[in-house]
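Dock chain to chain to rebuild the complex, using the hints, since each chain is given by itself in its own frame.
Chains as they are written, first to last, in the working numbering: chain E, 1 to 251; chain Y, 1 to 436.
Keep in mind that the hints were calculated from the coordinates and are not lab data. Remember, it's a predicted structure, so these values are computed and weren't measured experimentally. We treat Cβ as the ideally placed atom computed from N, Cα and C, and that holds for glycine. You may find that some hints are simply not true.
What the hints assert, rightly or not - Examples of chain Y residues toward chain E, derived with CB under 10 Å:
#1 84
#2 363
#3 364
#4 396
#5 398
#6 399
Residues per chain, in single letters:
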Amino acid sequence: MLKINNLQASVEGKEILKGINLEVKAGEVHAIMGPNGSGKSTLASVLAGREEYEVDGGSVEYQGKDLLELAPEERARAGIFLAFQYPVEIPGVSTTNFLKTAVNQVREARGLKALDAVSFLKEMKEKMKLVDIDQSLLSRALNEGFSGGEKKRNEIFQMAMLEPKLSILDETDSGLDIDALKIVADGVNKLKSPETATIVVTHYQRLLDYIVPDFVHVLYKGKIVKSGDKSLALELEEKGYDWIKEEVATA
Amino acid sequence: MSEVTNIENTLLSNFNTWLEEHFPQNSGLKKLKLEQSERFVNLGIPARKSEAYKYTNIQRILSKNFDFSVANEAPAWTKAECHGQFYDVDANHLVFINGQFVEDYSKISSSSSELIIRLLDDKTFEEHTEVKDLLGKTRNIDQDAFASLNLSYFNQGLYLNVPKNADSRDVYVYHFVDAEAAQAVIFPLILVQSETGSRLKIYEKTFTKGENNILSINLFEAKVLDNAELRYSKLQNQVNNYYTIDGIYASQHKDSRFYTNTFSFKAGAIRNNIYINIEGQNSEAHMNGLYQIAGTTHVDNNTSVDHLVPNCFSNELYKGIVDENARGVFNGKIYVRPDAQKTNAFQSNNNILLTDTATVNTKPQLEIWADDVKCSHGCTTGQLDEEAIFYLRSRGVGKKEAKAMLLNAFAKEALAELKSDLLKEEIENIILNKLS
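So here's chain Y without its partners, still in its complex pose (with noise of 0.2 Å):
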């Protein structure tokens, strides 16, 4: 018997126990939460030959630093120490802690006009049609195992409603997880719903403690109806005893705008499943990427745009600067099926080497079955220019600031996207401050 077999059992062992403790009888989420742990056994933790998982052997990632038969702990964040890392804007604050939204700790601005905020839980399951919906609903993500994980353990997840031609006032969702008295394995889920004409941007961070091992399975899953816009943009900059895996599934309706930005600094290993399925005309997908990693921190970026009408944009671009022993993985699919004509599809994947012991690896796949589309893709790999090096220098700058400054003007069409200038700054300072 391999190892896999017992993360899945012993990850599973408890399930049922579980569900009978958290939620009724005849619960609707109960239903799906049984569904979507059968879909993970089907489906298994990828094996090291997978393709999807080539460069990122989960399973031992997995197996080497979990122990599954633990039991999480409860967590000690004190409502006090969440409002400390707020960042000071108007805008609604919304707390996770180890994985679970807890409204009492959040600070929420927006009227229901707005945006509808709800705790997604049995309740909100039952009363509202479109959860039942979209919850586990959107394309793909049936091929997802840690997708389905996530939806069969997930708790006290968050439901994102933004009403009919809303312009909502920004959500930073915050999450806090304590790993101090034991290991701590977490199932945060966001659900949105962007109705017609609506508009938000949300921004997320991560803030640990303790030195334990943390495994978070992160779900995002989004509906982006006629005409809306959405912006989702993460900051992944943690401790090397954290491990994540996040699944970002989005399905756009005709004329949507649709955005992902992940900035990816530090943690044990990172891996990102974005899959964006394009099924309205005249609508745009963007996802861009910053990575700049150093130690032995492993980032995976692994991207799908799936163009299934015509009219369609999409445009991807991952910056890597990669040091020490990290690594950077990135793998880009696009998809141009055959009604799918008019198709113009970019992807752009460029790197960084600061030594000889980083590591790259990137692979574009394109499948294009329509005839009349623009698509492209580029990789690069490269090395600071040492002649630019030299000519900052020859002015007096220092060696470190002039790596500085071309690494920020490497990175900066990456985070072209990112509307929160708070946020832009404190990626600039961490871009400066990782340089030894």
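Next up, chain E with everything else stripped away, as it sits in the complex (with noise of 0.2 Å):
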């Protein structure tokens, strides 16, 4: 499904990716952990299509398409969905307003016929309990005013509408307590298929007992220099990330 080949990326020249390999299939969860400023966010952002990042080299191949040629909005067309890290706060745009005009965007490029007032609320009561989410929530300004998890639980309501191949989850388990941790993982498990993938990016292994990875990759200086299965990230879990430091170090 996503090929990455090579990847280096800047942001006001500073060179922050300086070439990642990485290759994801339908079906499949890897987790990208890493210690701060190691370049995970960054890999979420030129993925989702942030424009204030440079592509300075390498490529992504997603379903056989070039995605760096895309718009973020052909992107999430596509299929690609970026839970971000801190969502935005939109004051005078309600969640449900401007989900219906995503949706239909999104199915109008799949071929679908847009949905009316009638299914499209229909669909969200639906989805709203796979994250315990209530309407009232969606109906005031978008992230405006929400807590930290009911900005969370708002970005993987998102997720089930838009209803993605390849979601990609930016620290979605910053600043969540363990009860909005577990509602958030619950939420992406059940959107799981094996027609699907998911990245879950994060700094901290706890997410990954909620949402189990096929691989861990450890990312660090921009480069993916360790991957493994689970277990590794219950190793990072207890030694930390100095003696992968030291490693690549000694390397």
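Have a look at this one:
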């Protein structure tokens, strides 16, 4: 589904990704871990098409297409979803209204008929249950004054509505207490299928207790320096990142 | 000799002849008009160094675009054309053609117990003392050259009287201007007296035809008596050859409410002069405005609220979206006189610039003599939030739709006091369609 080959990227002239190689197949869950500043969020942003990141080299192939050619909305319509680390507060725009436009533009691109008000509401009610989110929250301005947990649940709710092929969760666990973490992880798990893939970007192992990865990659100084299965995450939890740094230094 | 003196002289060169032709010998209106024309000459068209017109070079706009020695042609709007533009709503639809109220083209649905609608001519002026007491008498109006010019030249104005305790059906005023054969210079006048306890909403809109330049010197003068409510909303969405100077003057008596809403989208230049005098206790004044402009459109909102008595409230909110080479100007004056204790007066002007070449000049001006008051003002100018645009796009929303969503959200607050759903929807569509 996704093939990242020697990807290099920078922001404001500062080199951050220095040659990432990663392949993600349908049905898989990949965790990207690493110390602060290693480039985890940059990787997520580049995949979603954030414009302030400059791609300096390498390629990203998504479902056989050159992903880097596409505008952010085209990527979303093609099935890529980024759950933001810091969801943006947008005063005056309600989740319901914005999502109706978003869902219908995505459906149109996928050759589906637009949902009318009734079927949209029905769809919404179903997906709301997944993350235990209240309708009154959704008729309020998007993320404005939401708690950390409400913002993250809203991200997963939007993900459920947009039915992506490849979901990228950027530090979705940050700022969540254990109950909210469980709800969010539970929502993500229910949305998993053999046709979809998930990339979980996280600093800590605890989210991976709930969203169990097939592969764990450690990103350090803009490169994947180690890959393994879920036991690697447990090892990192126990020993921290220093031993990885030492391994890289002596290599 | 400056070109300005030329404009004033040219403007008034045929004034006496015109006056003789249109008004009888001992006419009271004629006397008023003579006084006003003298006042106009004394005040003069504001010079470039005039503080109140600092960012709107009105002399240049007038001299560059108009030849005041040319007489107006007879306008050609048919009744059917006019009726075709009426909103489909049970209301009073009042027609002005080239600045003159035409009762025959209008559709009036209110009975006189709900709303009295009169042609403002010599007869009305003579027979109704309240008209004599109001016309050209509102505080501060004598400082405005363009108000004097309107009062000198208006002919066949409109007088609305909302009877005591009447809750009137709405009024829609449609201006039709014909500039097909030659330029048009027009002087529409609306005078309103809201009697005690009455309520009225007025909406105003302009239609033009022809490529020649149009200058509209408007005047709206109102007295809102005890416990009455008056709402006046205006849509300014014209063509590039349309120039307008709109005077809105109101005096408020005790327990009254007065609202103005101006929505400015397109014209060569728009200058709104809004002066509200709060003369009775426990009154409320609201001034809201939205301007979304592109091309080289110039919009200047010059507003003033004068708190003369205690225990009143005023709120002013202007929002601007400025694109391409357009310019938005905002000047908000709040006066709180020594007696006006316990005044609450608030003002804000927020702008979004969509290009590097768009300009906004904003200036709050608070003069407070009373010591027990709450006043605040704030101005902001910024760009659209790029992070918010990316967020919406990352959900599959196109770039243009994402921008429109954010702009509608930004503008929404300025539309809050607009009570017509028809107009609100029309304005929301204008906002979306203006985005390239």
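These are the hints, each one checked on the structure:
no.: 1; hint: 84; in the structure: violated (32 Å)
no.: 2; hint: 363; in the structure: violated (26 Å)
no.: 3; hint: 364; in the structure: violated (23 Å)
no.: 4; hint: 396; in the structure: holds (4 Å)
no.: 5; hint: 398; in the structure: holds (5 Å)
no.: 6; hint: 399; in the structure: holds (7 Å)
Taken one by one, the earlier hints fail for this structure at numbers 1, 2 and 3, listed in ascending order.
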